[in-house]
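Going line by line, the protein sequences match chains A and B. If you count the first sequence from 1, you need to add 359 to reach this note's numbering. If you count the second sequence from 1, you need to add 1129 to reach this note's numbering.
No incorrect hints appear here.
Estimated spans, in silico, between C-beta atoms of each pair:
(1) A/Asn437 - B/Glu1364: 23 to 29 Å
(2) A/Val401 - B/Asp1385: 57 to 63 Å
(3) A/Lys545 - B/Lys1453: 35 to 41 Å
(4) B/Lys1757 - A/Val401: 58 to 64 Å
(5) B/Glu1364 - A/Glu601: 17 to 23 Å
(6) A/Gly482 - B/Gly1673: 53 to 59 Å
(7) A/Asn437 - B/Lys1453: 31 to 37 Å
(8) A/Lys545 - B/Asn1646: 40 to 46 Å
(9) A/Ser556 - B/Ala1735: 36 to 42 Å
Just so you know, the hints here were simulated from the structure itself, not pulled from any lab data. We treat Cβ as the ideally placed atom computed from N, Cα and C, and that holds for glycine.
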Amino acid sequence: MEYSNFIRLQDLVNNPSARVPVCLCLDTSDSMKSVEDDGTIVHTGRTIYKDGRQWEIVEGGGESRLQAMRAGVDAFYNALRADDDARDAAEVSLVTFDTQARCIQDFGWLDRLEAVPTFTAQGDTHMGEGVNLALDLLDQRKQEYKDKGVDYFQPWLVLMTDGVPNGNPAELERAIQRVNALVMQKKLTVFPIAIGSGADMEVLRRFSPQRDPLHLKGLKFREFFQWLGASVSLTSKSTPGERIKLDTEGIKGWSEL
Amino acid sequence: MGNGVDDSRKMNHIEECVRRSDRIFIDTCSVLYEAATPFFERLSAVLQKTGKKLYITRSVMAEMDRHQRNKEKPELAARAREGFRNLVKMDEAGLLEKIGNPEDESFADNIFLAVFTRFRMKYHLMLITQDRNLATEVDALNNSQAVNVKPNIVKSIDKDGYLRNFYPARNEKQDSAAPYASRSLTPNSAQCFRICREVTAVPDDALSVQHVPGEQEMAFTDSKAPVRLQKKLAEGGEGAIYETDTPQVAKIYKADKITRRCHEKLKLMMSKNLQCEGICFPEKLLYNQYGEFVGYLMPKAQGEELGSCVFRAQRLKRRFPDWKKRDLVELSLTIMEKIKYLNDRNIILGDINPKNILVVSAKEVYFVDTDSYQIEDYPCPVGMTNFTAPERQGIDYSSYLRQRSDDNFAIATLLFMIMLPGKPPYAQQGGETSDENIRKMDFSYPCGDKSNGKTPDGPWRFMWSHLAYKSVKEPFYNTFAKDGEYQKPKDRLSVDAWISNFSNYLELLDNGIMGKNDYMSEWIFPKRYKHSDKVKYTRCEVCGEMEVEEGRGTICRACMDDPGKAEHYRCAQCGTEMIYTMRDKAENKKRHVFCMTCGHQVLYQAECRTCHKTFQIAREEAAFLQAKGYHMPKNCPECRKRQRLQNASVLQQTKTFSGRRTASYESSSGSGWWSSLKKLLFG
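Just chain A, same shape as in the assembly (with noise of 0.2 Å):
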């Protein structure tokens, strides 16, 4: 196995506390890339086809969608490592997919992250691989904890994309039933969110059979992450086996539901 991983089994030896396994499940796909019109972009006139679209080439313009969402994914294991007892509880991994479905970083022990890693957009958008991929990495993690008798709250998936998928289309049915079967057992907690109005709304739906996709007002990644934060931390601080109250009234101010 990877040296990384042996090191993850360990530290649930050293840190035997309840788990809390959030996978992030990031679209890094070329369409990421465009910025929102905030009044200072410049058309060039050239168009370029990428990602299944047509899109404008501009200069200027504020964040791009991928900068926005790196930034929300920083403020995000910030909160984490600020709270104390999602400091020892949560694991997060992070996953993009472009044309290729690529696990950035692994469920493991926050204290052992130097840096939150980079990624870059590029590419088509492999949504079944990647959640595929993330789903693996999550079955891989819970077996872990099930060798090591560490007890785990219910994992999350964060699902994050702003356009069509146009991957392996077994592969994204695959994917969606292995979802839906994970929900309808209780054993996965979906948040499939879109990104800009190009998202295919209905491909996430069907990946979130009980939660409407969320979608995000203009580039609020932040509040988004915040809220996720917050709510790690709250089940970082409660036992395992207790009902859990999600305070989805602060979700309210972030998106439309």
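With chain A's structure known, arrange chain B on it following the hints.
Leaving out everything else, chain B in the frame of chain A:
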């Protein structure tokens, strides 16, 4: 132990005991005790100072003489000789008084009971003994209803040569000996609440209150005395807690929680003058400026929530870095004493919640949210899944009156979660609530031969293995397991029984007995299983140091997991560091060629021969197939699986098969050894 302040405090304790006593007696076992010599030195100093003497019966001296000459037990003989030396030194200093005849009763115990019973009207008597049963019996003389009895003191010598309290005698019955360290006598019936069968009819609807005072506003007591609410300390679902301009704090309810039931319950609670250090009972009711009930005053609590500073392993290590197992046991006893105070008066806690117990130290604990206790026919309307007994899972808490058996289950759960910090007794994996496992009483820790076979290896199991068998492990198993002896509600151990068990355990730890068997039993987080007398240990073949249990191979746990002894290599594709430990090898785990990411990369895509769906082969799988010399599969994973199952049922009929894994990939081209074998067997 061993620091200056502690030592002088303990010396003062010896002096205080001596000063309070008219006659001081010592028992044979204390004279023979290992730490007797330093104690005798200290006692001599105190006796000199106070002008008192140590009384010894001649029968004790005769017993000592017999031990001295015991050739079969040289250790005992040596200690008896040492004991005699100590006594002679005292005698020569004029501090020893010998009484009685050497032939009196060969069992000195009866003498002490007789003497203490007879002379307790006249003298304050003190007995030093290591014998718990004798100590308990002599101490019990203090509970007598007779008038003019002068209370006696009973102490034991501790392992450093000072005096300590004795540990009450073992008693598994529900009503047992006096609690550890506390002298609370059993309350008489006037001090107890009634036991009721049905929930009260007093309504629980919100009363209409004109104003609920908040920060910096005024509230008033019964006698109209004003109380200013100062800083808000905490806020919960029911209300908020404020500092006041009195030494107490105020709990002010939210408007919708101010009900007649709440008001009446508090009045009832306050009617019996309950006093127990550390339990924050309501002391005075509070009203708003219109005379409407809004809350109450209570003593201020200190400390951090049990759930926070003890139930999170990492936090525990940071908050109490010096704590050992015995501190957890002492903490348990401190908490149980208070529970005993309540249960003795027929108060059922109901919601024994780690948020409601605040910890300052192992000896100092506060109980808060006392208004939620169940009293007479006022139920406790809240609870937590983990602390709720199996027969009550799923039932609304405010619809029934709990019984002792409910508290007994919660107490056992609380103790378990202290000894295995933060770990609920019933396994919980994946986010479901524990209620299913609790209902089924699926307890995953073994006891002797009994086990449900599901115990995972790892840190919690190590902790479980190091617990004392009779005092802790067995009672836990019997309470939580489906086939346990106390699994029926009425059979559950009461708080008194647990106090007795844990006192035992504390003694075993403090006397060094647990540690002698295995030093790791004194740690909170042991790194391996407890060494057992029944198992033989051999030296690890790799490091030669640690011991390996017989039957568990030849390599010790440390080496199995040691990265220094493992094989380090790199992902064949991207160069990420990989590791294959001795444990992996021993457990026959797959040695991955690629890291996770590279291994997942899709190399081939093909159409399934059977069902025509497209499927993919990732890099790691492809490497595995190549290494084994198999062809690329022609079918998708589902079809392959179906084939495998069909083949497996064929396999069962062929006993010649050695049990090796069959090829998972069916090659319809007919090549490959599986097909050849099939041909061979079935034509």
